[in-house]
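Enquirer: Model the full structure from these sequences, guided by the hints.
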Amino acid sequence: GENVEQHPSTLSVQEGDSAVIKCTYSDSASNYFPWYKQELGKRPQLIIDIRSNVGEKKDQRIAVTLNKTAKHFSLHITETQPEDSAVYFCAATQGAQKLVFGQGTRLTINP
Amino acid sequence: GAVVSQHPSRVICKSGTSVKIECRSLDFQATTMFWYRQFPKKSLMLMATSNEGSKATYEQGVEKDKFLINHASLTLSTLTVTSAHPEDSSFYICSARVPGRSTEAFFGQGTRLTVV
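Residue numbers (our numbering), protein chains in the order written: chain A, 393 to 503; chain C, 18 to 133.
If you are wondering where the hints come from, they were derived from the structure by calculation, not from laboratory data.
All clues stand as given, with none of them false.
In silico contact screen, one side only, chain C against chain A (beta carbon under 8 Å); selected entries: (1) Leu61; (2) Ile110; (3) Arg114.
A virtual CB, placed ideally from N, CA and C, is assigned to each residue, including glycine.
Expert: Written out as structure tokens, the structure is:
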């Protein structure tokens, strides 16, 4: 089955700097890679996703890159703001099958 | 977007009792729903896949008789934690996808279960 590894587990950056979170997956059949932001006690919220036929996707300050050959994908947040502080999860799945999540990254933005 | 509603959001129960958690798709029909468990500061671990009109598919290591899943309609799946113990205390969360529309998963609000 699919296995997703996420690094780092914690990340602290200065406000305005960039943050990068990386994930690797094991199943080459996976073709959908979403990223979720979760605040304490809340449901995960989809912030960006990418499909295997695309190498990069950007939405304002957030971007995701995918390297299918190496089986890894990354989340990039630029111009970080205090409200970006949260736990971020990557995930992988094939089609509409079950999502397999990474271990999560606790991002702290220091003012 | 699609809305998934979960109830209750918080529940405290005594050891040995059972607790039922409901997951509803409010504006779409979900033939499949997913149940996750999340320990503090940990990731979401899939417990089972709930299939409308048939038995749920449980992940390895999840006790079927402990975590009963029923998906009796296209908009409702329930998770019952039977004979709850303090180690069952956790955050339980469901998700569903809109059939034929996209691969995006929509999550319920989650249920914080505390067994005392």
